[in-house]
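Chemist: Given chain A, put chain B in place with the hints provided.
Line by line, the protein sequences give chains A and B. Residues in the first sequence are numbered consecutively from 1, following the working numbering. Residues in the second sequence are numbered consecutively from 98, following the working numbering.
Derived from the structure by calculation, the hints contain no laboratory data. In this text, all values refer to a predicted model and were calculated from it rather than measured experimentally. Mixed in with the good hints, there may be bad ones.
[To be verified] Calculated lysine-lysine pairs in the DSBU-like style (CA-CA distance at most 30 Å, straight line):
| hint | chain 1 | residue 1 | chain 2 | residue 2 |
| --- | --- | --- | --- | --- |
| 1 | B | K273 | B | K215 |
| 2 | B | K367 | B | K308 |
| 3 | B | K484 | A | K78 |
| 4 | A | K78 | B | K367 |
| 5 | B | K248 | A | K78 |
| 6 | B | K273 | B | K330 |
| 7 | A | K68 | B | K331 |
| 8 | B | K180 | B | K385 |
| 9 | B | K257 | B | K308 |
| 10 | B | K248 | B | K180 |
| 11 | B | K306 | B | K330 |
| 12 | B | K355 | B | K248 |
| 13 | A | K97 | A | K78 |
| 14 | B | K129 | A | K96 |
| 15 | B | K257 | B | K180 |
[As the list claims (entries may be wrong)] So these bits of chain A aren't anywhere near chain B, every CB distance computed over 12 Å:
| hint | residue |
| --- | --- |
| 16 | K53 |
| 17 | Q54 |
| 18 | R58 |
| 19 | K59 |
| 20 | E62 |
| 21 | K96 |
Ideal placement from N, C-alpha and C gives every residue a C-beta, glycine not left out.
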Amino acid sequence: MRIALVVAAALAALPFAAQAQSSGRDLAASCAMCHGTDGRGAVGYEPLAGMPKQDLVRKLGEFRSGAKPATVMHQIAKGYSDAQIQLIADYFSAQKK
Amino acid sequence: MTRPWDRRDFLKLSGAAAALAAAGCATPMKTKARVVVVGGGFGGATAAKYIRLWDPAIEVVMVERANIFTSCPLSNLVLGGSKSMEDIRHSYDGLRQHGVQVVFDEATAIDAAKRVVKLERGGDLRYDRLIVAPGIDFLYGDIAGFEDAMKARRVTHAWKAGAQTIALRKQLEQMKDGGVFVLSVPLAPYRCPPGPYERASQVASYFKKAKPRSKVLILDANPDVTSKGPLFKKAWAELYPGMIEFRGNAKAVGVDAKSGTVKLEVEDVKGDVLNVVPPQRAGDIAVKAGLITANNRWCGVNWLTCESTAVQNVHVLGDATLSAPGMPKSGSMANQQAKLCASAVVAMINGQTPNPEPKIVNTCYSYVSDDEAVHVASVHTWNAEQKTLTTVPGSGGVSAARNALEGAYAWAWAVNIWQDTLS
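Isolated chain A (complex conformation) (with noise of 0.2 Å):
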């Protein structure tokens, strides 16, 4: 019985994990226009991939505050919930830089 449960449970976390996948490739693919496909080979932007996942929530917490400075970034990261640039974060820091 608990064997099942456990079982069912992993059965039903796996849909989800193809889907979490997804969703943090897809909404980092919103940054590319900008920062390279990737986060990679863009000029004149910061490269995004691999940023070490802690660097990348706390840069954009700091956007979204206000404590860093910018023209356009404090505008897009109020657009994320904290979950989908936690999402951003580990789909960038497994990035190849």
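Modeler: This is chain B only, laid out in the frame that chain A set:
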């Protein structure tokens, strides 16, 4: 890179498409599905690239009539003289590196029942899913005399970057000092809401240097500047005092080539260079394919997937769509819609549920001089109650002020979005 083609399908292909297939395909093998993309602008090219990035087992064929990409964003700088056509043109070769099969041809018809796109030269192209990204075409009939005047080269729209951009720049160069440049703006919605005001700024920037007694007259069908109004008006007053005149509620209804006149509802306005941007609708192929659902002009889509509300298995994106609330018709928006669409298409082909919470960003930069720019930004998210994309409250906004830092970001934005779209 292998080009996997389904043999059965391979045999059915004809013309250019078959030649392309043969060139790239030593051992045809089964693929998951074929997606055909009609149109290689910011929307179509991005969708083609991202489908290949996200699922290389899906075959992607992109059909585009021009053999080179010419960017509408930044094309106003060619009119201002700080950039050349070379700066805004890009090869489609980068897409081929992702395994996108780029076919230079004209899509003349779509048979949704048979799932076939008919090409002018290349025969029939079968698809499992079709993405139509045709951009805009013009409602020439709304402005009496426009088409004849355009053919006589007395008026341009230059609202698709290319030959008309070059022609308009030449007319500005040939205009005498003290002349009047008339720019007529259609009622919203039209492609690139801040575009006309950037253009006015760029022409004024050129006049200030080369023919300082000249004038820019904006005849706007809208009551006021439709995007970044205060920023543009401040720039005009400070950078080009007395040079730019703005008239709202001034809708063009006709053009007279001989007398060089734009006809408004109540008066006629003479100019030395006439630049009349006609009202627009989704590109011709969308009309032929029965994709238009709103006001005889725009294509309704489900904003979770960009799938047409009129025709199954067909997705529409970019300027041709009936925009969701607060969504501009822009290259930036088309690039982002294309990723939403690519993600949904990949999910659907793989039997998965499309991302239920898509989120996309728009940023439009406009140059008010050679080096200073202003922007407007917005973030759009799925709204389950309204069943469309709406802007996230508290997000987005416009520049605090025009400056050269934004000008530098604007140019870098262009370089990066060209790359994100094409290579």
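Chemist: Against each hint, give a clear statement of whether it holds in the structure.
Modeler: Consistency of the hints with the structure:
{"no.": "1", "hint": "K273/B x K215/B", "in the structure": "violated, 48 Å"}
{"no.": "2", "hint": "K367/B x K308/B", "in the structure": "holds, 19 Å"}
{"no.": "3", "hint": "K484/B x K78/A", "in the structure": "holds, 22 Å"}
{"no.": "4", "hint": "K78/A x K367/B", "in the structure": "violated, 47 Å"}
{"no.": "5", "hint": "K248/B x K78/A", "in the structure": "violated, 48 Å"}
{"no.": "6", "hint": "K273/B x K330/B", "in the structure": "holds, 26 Å"}
{"no.": "7", "hint": "K68/A x K331/B", "in the structure": "holds, 27 Å"}
{"no.": "8", "hint": "K180/B x K385/B", "in the structure": "violated, 37 Å"}
{"no.": "9", "hint": "K257/B x K308/B", "in the structure": "holds, 26 Å"}
{"no.": "10", "hint": "K248/B x K180/B", "in the structure": "holds, 27 Å"}
{"no.": "11", "hint": "K306/B x K330/B", "in the structure": "holds, 20 Å"}
{"no.": "12", "hint": "K355/B x K248/B", "in the structure": "holds, 13 Å"}
{"no.": "13", "hint": "K97/A x K78/A", "in the structure": "holds, 26 Å"}
{"no.": "14", "hint": "K129/B x K96/A", "in the structure": "holds, 28 Å"}
{"no.": "15", "hint": "K257/B x K180/B", "in the structure": "holds, 17 Å"}
{"no.": "16", "hint": "K53", "in the structure": "holds, 19 Å"}
{"no.": "17", "hint": "Q54", "in the structure": "holds, 22 Å"}
{"no.": "18", "hint": "R58", "in the structure": "holds, 19 Å"}
{"no.": "19", "hint": "K59", "in the structure": "holds, 17 Å"}
{"no.": "20", "hint": "E62", "in the structure": "holds, 16 Å"}
{"no.": "21", "hint": "K96", "in the structure": "holds, 14 Å"}
Consistency note: the structure conflicts with the earlier hints numbered 1, 4, 5, 8.
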